[in-house]
Structures are given as structure tokens and as C-alpha cells.
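**Student:** Residue-level listing of the chains:
There are 2 protein chains.
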Amino acid sequence: MVRPAGKPPLSSAAAEFGARVRARRHELALSQEALADRSDLHWTYFGQVERGQVNISLHNILKIADALEIDPGDLVTGLT
Amino acid sequence: MVRPAGKPPLSSAAAEFGARVRARRHELALSQEALADRSDLHWTYFGQVERGQVNISLHNILKIADALEIDPGDLVTGLT
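Residue numbers (UniProt numbering), protein chains in the order written: chain A, 1 to 80; chain B, 1 to 80.
The set of hints was computed from the structure by calculation and includes no laboratory data. Just so you know, not all the hints are guaranteed correct.
Heads up, simulated DMTMM-like pairs for lysine to aspartate or glutamate below, C-alpha to C-alpha not over 20 Å straight-line [said to hold, decoys possible]:
hint, chain 1, residue 1, chain 2, residue 2
1, B, K63, A, D66
2, A, K63, A, E16
3, B, K63, A, D74
4, A, K7, A, D74
5, A, K63, B, D74
Put together the whole structure using the sequences plus the hints.
**Tutor:** Take a look at the structure:
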């Protein structure tokens, strides 16, 4: 089955942010659902974030970093 | 003249973010207006950000970091 392409990322920065979230989630061997359980964000929101479709807010960056057990700076360093 | 207290910060994270923006702006000896000229954000928005009254988005974090000539990670590292 071919996966539909879906919406494009909002920006290269949002795409890279999402790629970092996904990579770290995979490091922790967590599903989007499991990550959602660690925060008060919905699992469908993590999908949008990982696809770079969200211009995420500071507060949600911090929630996600906390759930991923990393410093929030790691998610945004070097982005332009 | 006593400065009015104004609105409180949204959160300790937003307050700390704003304090970092203000400190770096002062390092560069720039006014809020001059910083606004370097980005496409309005100077009144910088005032709100510096007072911690904005749950700032990723894209605006990157614009401000660029205008301040710093890595965006420096603005959010260690925030919780």
C-alpha cells in the first residue's frame, strides 16, 4: 500500500524539528501514543509535529522535550 | 514615576526566555525598535516577548535568534 504524501512541512525548520522528535522517540522505542501518554498532548499532534506541519509553541516544545527526556535546546539548536 | 506592573508573565519559561532576549539585546546595545528592524516582527511584539507574555512559536524563536546573532538553542536550553 502506498502511503499518501499528505501535507508538506510548513518550513525546513519545522521539518528538521519534527525529524529530531521522531529520531529521539525511536531511540526511546516509544510509539506516538506512548509519548502522548507522557505529556498532555494528543498523539495525532505528535504526528503533525513529526511531519513538520506545526509551528510549535515554546510551551509545547518544552512538554515534548520533557517527554523525550532531553534538553529543549537540543530540539532547536542550529535551526534557521 | 512608578512603572505600572502590567500583565504577569505567562509562565516561568516564557519569563526566562524573555529575560534572555533582553539580556542579549542589551549586549548588542540595540533598542527594541532596532531589533525589530532586523526581523519582520513589530517592536511592540519584542516588548511582549521580553516580558514573558507570549507563548512564542518556533518560527518567531528563529527570527529573534537570527536578529540577535545567536543560536536558537541558547534561548531555550534548560527551560522547563
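**Student:** Now tell me if each hint is right for this structure.
**Tutor:** Here's how the hints hold up against the structure:
no.: 1; hint: B/K63 with A/D66; verdict: violated (24 Å)
no.: 2; hint: A/K63 with A/E16; verdict: holds (18 Å)
no.: 3; hint: B/K63 with A/D74; verdict: holds (18 Å)
no.: 4; hint: A/K7 with A/D74; verdict: violated (26 Å)
no.: 5; hint: A/K63 with B/D74; verdict: holds (18 Å)
Hints 1, 4 from the earlier list are contradicted by this structure; the remaining hints agree with it.
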